[in-house]
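Participant: Sequence lines, in order, name chains G and Z. The numbers in our numbering rise by one with no breaks, and the one at position 80 of the first sequence is 80. The numbers in our numbering rise by one with no breaks, and the one at position 35 of the second sequence is 35.
For the record, the hints were derived by calculation from the structure and aren't laboratory data. Cβ coordinates follow ideal geometry from the N, Cα and C atoms, glycine included. It is possible that part of the hints are untrue.
[Unchecked claim] From the structure, some residues in chain Z lie toward chain G, with a derived Cβ separation under 7 Å: (1) D323; (2) Y327; (3) R393; (4) A396; (5) A397; (6) A400; (7) S401.
[To be verified] With a straight-line cut-off of 25 Å between C-alpha atoms, the simulated DMTMM-like cross-links for lysine to aspartate or glutamate are: (8) K196(G) / E22(G); (9) K76(G) / D216(G); (10) K260(G) / D298(G); (11) K76(G) / E361(Z); (12) K248(G) / D224(G); (13) K179(G) / E52(G); (14) K76(G) / E52(G); (15) K260(G) / D290(G); (16) K76(G) / D228(Z); (17) K196(G) / E185(G); (18) K76(G) / D288(Z); (19) K76(G) / D392(Z).
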Amino acid sequence: MRVLAAMSGGVDSAVAAARVVEAGHEVVGVHMALSRNRNQFRTGSRGCCSIEDAGDARRAADILGIPYYVWDLSEKFQDTVVADFLSEYAAGRTPNPCVRCNEHIKFEALLDKATALGFDAVATGHYAQVITRTAPDGTEVRELHRSPNTAKDQSYVLAVMGPERLARAMFPLGAYETKDEVRAEAAARGLSVSNKPDSYDICFVADGDTQGFLRDHLGSQPGDIVDADGTILGAHDGAYSYTVGQRKGLSIGRPAPDGKPRYVLDVQPVSNRVVVGPAEMLTVDRLTGDQSVWLADDVLAAAGLDLAAPHSDGTAWFDAEIQVRAHGEPVPARVRAVPDASGPAGRMEVELTGETLRGVAAGQSLVVYLGTRVLGQSTVVSTAWSGAPDRATTTPAAATSAATAAQHA
Amino acid sequence: MCVTPNPTAYLDHAATTPMSSAAIEAYTDQLAVAGNPSSLHSAGRAARRVVEESREQIAAALGARPSEVVFTGGGTEADNLAIKGLFWARRVANPERRRILISAVEHHAVLDPAFWMAEHAGAEIVLLAVDSRGVLDVEALRAELAAHGPEVAFISVMWANNELGTIQPIADVVAAARPYGIPVHSDAVQAAGQIPLDFAASGLDALTLTAHKLGGPVGVGALLARRDLDLTPVLHGGGQERGVRSGTLDAAGIRAFAAALTEAVRLLPATSDRLVALRDRLIQGVRDRVPTATLRGPDPMAGDAALRLPGNAHFTFAGCEGDSLLYLLDSAGVQSSTGSACQAGVPQPSHVLLATGVGEEDARGALRFSLGHTSTDADVDLLLDVLPGVVDRATAAGLASAGIGMSRNRGTQEVR
Chain G
1 MRVLAAMSGG VDSAVAAARV VEAGHEVVGV HMALSRNRNQ FRTGSRGCCS
51 IEDAGDARRA ADILGIPYYV WDLSEKFQDT VVADFLSEYA AGRTPNPCVR
101 CNEHIKFEAL LDKATALGFD AVATGHYAQV ITRTAPDGTE VRELHRSPNT
151 AKDQSYVLAV MGPERLARAM FPLGAYETKD EVRAEAAARG LSVSNKPDSY
201 DICFVADGDT QGFLRDHLGS QPGDIVDADG TILGAHDGAY SYTVGQRKGL
251 SIGRPAPDGK PRYVLDVQPV SNRVVVGPAE MLTVDRLTGD QSVWLADDVL
301 AAAGLDLAAP HSDGTAWFDA EIQVRAHGEP VPARVRAVPD ASGPAGRMEV
351 ELTGETLRGV AAGQSLVVYL GTRVLGQSTV VSTAWSGAPD RATTTPAAAT
401 SAATAAQHA
Chain Z
1 MCVTPNPTAY LDHAATTPMS SAAIEAYTDQ LAVAGNPSSL HSAGRAARRV
51 VEESREQIAA ALGARPSEVV FTGGGTEADN LAIKGLFWAR RVANPERRRI
101 LISAVEHHAV LDPAFWMAEH AGAEIVLLAV DSRGVLDVEA LRAELAAHGP
151 EVAFISVMWA NNELGTIQPI ADVVAAARPY GIPVHSDAVQ AAGQIPLDFA
201 ASGLDALTLT AHKLGGPVGV GALLARRDLD LTPVLHGGGQ ERGVRSGTLD
251 AAGIRAFAAA LTEAVRLLPA TSDRLVALRD RLIQGVRDRV PTATLRGPDP
301 MAGDAALRLP GNAHFTFAGC EGDSLLYLLD SAGVQSSTGS ACQAGVPQPS
351 HVLLATGVGE EDARGALRFS LGHTSTDADV DLLLDVLPGV VDRATAAGLA
401 SAGIGMSRNR GTQEVR
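Looking at chain G on its own, in the form it has when it is part of the complex (with noise of 0.2 Å):
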């Protein structure tokens, strides 16, 4: 086959490179410029995609003795993924913007552009694995599962690219257990990326002040902070600067009156007002998610999908975990696809049958699962407490922030 191995410049996607190139196949590496004024050097673990990182990633693809282009996809990345995260965090809802890269810059931009130009896949350094099942029917089905290595497991941010694109996927280090593994195979191969730092925070955060690069880009837009009454308790510059189950840095004198600490428990764009109240506020057991992405017809159809039907009803209830942060544990739930405007099993329902969770913010990701397999994606629109009925919820609804913690995906 010929693969694009899309490559940093970490030691992830060069060893990744490196397996794909082991299996035989005609590989060649790729670097995506995300930012047209690109730091020379990264510091530390912050941000990725400097001219130092471009730099490692040719000689990785000269030690594999692959071809390696830089293609500029930067226009695409500020279009979706920065314009994306700004847009959501002035809605009050919380993004996750490694998501929104693997949706429209890894698995969209790339991959189409890649099948395009006449590869068959894609390989990535995602730490996820592709398990293929023979169907009942004879058809091959491909199912995205967690990595063995859990630390490193990111099945929970590629979860959004849907099973066409999972056909062109290839994620080498699916079946690593550890990361050690991974460094001391680059260190045999004579990568020299094998001992570089990995990286987190926002890339595009490179001084990884993500509140500073959000003043910056939407401005001071002082407002108030109140409780679920509506009594003004402190002042804001900037609803955006909140995130739902925040407790630090609220500055609001007086405290409250059970001497409780309080949460934020809405971020209101509209009014421009962050509501604050008591932990127990924060508690959701219901979930509504759009914008769905399944990857499991099978499931789908056993829970009475008709997708040949005129009018679809969705799905019944069928039990399964849900995950809502990168790092976060799965619950159990019950879940249920429903039709909306985008397709028979657009929407999400989901309703938590064992723990509860506290604070979800509208805009994260919403991911299903069935033990280490990914059954579907959808992005958070309103949640709610089944034991406090007459909460009150706005939409976009209560909600935190972890994505904010985004693993570099």
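Once you've looked at the hints, dock chain Z against the given chain G.
Facilitator: Showing chain Z alone in chain G's frame:
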């Protein structure tokens, strides 16, 4: 792995061209000889003799005097010396002279030092417009001189453009500047060895050369500078090269430079005729096979043959991205260029194309094919064979990247 290597065509001579055998021989012979040309003993004198003989050869090949040849580490350094050295010298002589007049299509080795001087030394940059072929608007220059003559530090207009191959009206520029006594510099990196150059006859005050574009090694070049031209040094040290370019002279590189230039100039009429014929076949072939291709720069088939370097052809391919074209051609054995690449290899829309009025969208699909002394009919044949398929593919990829068609359709199918 491959037992029989696939045919390849090197069509990027404007980036660098193979060293001539005369230059390789001169280079390797001299590399084996020790001796600092500034040393006073016999080894030093022998090395100095090589340098001075080379200086004489280079001067003779270009209508200059030996004392006008200032050796540098290449074209970029020579341009920096001209831009910074001329500005400082002229400004010190008269603080009113703050304006630097340069064409809008200069190489970065001229543009960037000029803008650096604007940021750090109080220069004001005036970019002189070009027409759709990339030819300098001399009227605009005259108007600028009439309005601001006494404030002009110097003028810099390249002899020939590296992307479009456009040959500039240097004689007109010099004639316009003369009444004001304003020095004129020209970057002739692309022109030397491709078309006849005569420094004395040109009336220029300074001219940039580099060895590796004409069959010599990388890392050596020269600024031809009139003896009475006041230049402030950029590199300070041992005082070599009239005190304007300190640093130990590279006897081997200089000898190879002289050998390459001498040969290139000796063979020039024949090479030029051969390259023009090849180039015209390339242009006609691309036009015949790829209807979406647009020749940029002067059209040799439309009466502008004298305005274009013999070895240069430059096209934009509507709906394609340069990096797709470059990758596909490279994998088919054809090596070309999207323009001038920056260090990280990211193609940026070319300022040259934009200055000629090409839109950003079209500028993305730019590809330069440049021929040189080793180019053959087979190189052009290979390009013409593979190009139609490459352009079809790149057009499909352009649609995919733009998010039209397959990308969107798949997106909706996935949501089910």
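Participant: Are the Cα positions of K196(G) and E185(G) separated by 25 Å at most?
Facilitator: With a Cα-Cα distance of about 13 Å, the restraint between K196(G) and E185(G) holds, given a limit of 25 Å.
Participant: Y327(Z) was flagged as interface toward chain G. Is the shortest Cβ-Cβ separation under 7 Å?
Facilitator: Holds, because the Cβ-Cβ distance from Y327(Z) to chain G comes to roughly 5 Å (cut-off 7 Å).
Participant: Hint check: K260(G) vs D290(G), CA-CA at most 25 Å. Holds or violated?
Facilitator: violated (35 Å)
Participant: CA of K76(G) to CA of E52(G), is that 25 Å or under?
Facilitator: holds (22 Å)
Participant: Can the restraint linking K260(G) and D298(G) be considered satisfied, given a maximum Cα separation of 25 Å?
Facilitator: Violated. K260(G) to D298(G) sits at ~48 Å, over the 25 Å cutoff.
Participant: Double-check R393(Z) for me: the hint is only fine if its C-beta lies closer than 7 Å to a C-beta in chain G.
Facilitator: Check passed: Cβ of R393(Z) comes within 6 Å of chain G, closer than 7 Å.
Participant: Can D323(Z) be said to touch chain G, with a Cβ gap under 7 Å?
Facilitator: It holds, given that the least Cβ distance between D323(Z) and chain G is near 5 Å, below 7 Å.
Participant: Mind checking the CB of S401(Z) against every CB in chain G and telling me if the closest is under 7 Å?
Facilitator: holds (5 Å)
Participant: Measure nothing beyond the straight line between the CA atoms of K248(G) and D224(G); if it is 25 Å or shorter, mark the hint as holding.
Facilitator: Given that 25 Å is the threshold and the Cα spacing comes to 16 Å, the pair holds.
Participant: For the pair supplied as a hint, K76(G) and E361(Z), is the alpha-carbon distance within the 25 Å limit?
Facilitator: holds (14 Å)
Participant: Under the criterion that the straight-line Cα-Cα distance not exceed 25 Å, is the pair K76(G), D392(Z) satisfied?
Facilitator: holds (22 Å)
Participant: Within a Cα-Cα threshold of 25 Å, do K76(G) and D216(G) meet the stated pairing?
Facilitator: holds (21 Å)
This entry does not satisfy hints 10, 15, 16, 18, going by the numbered hints stated previously.
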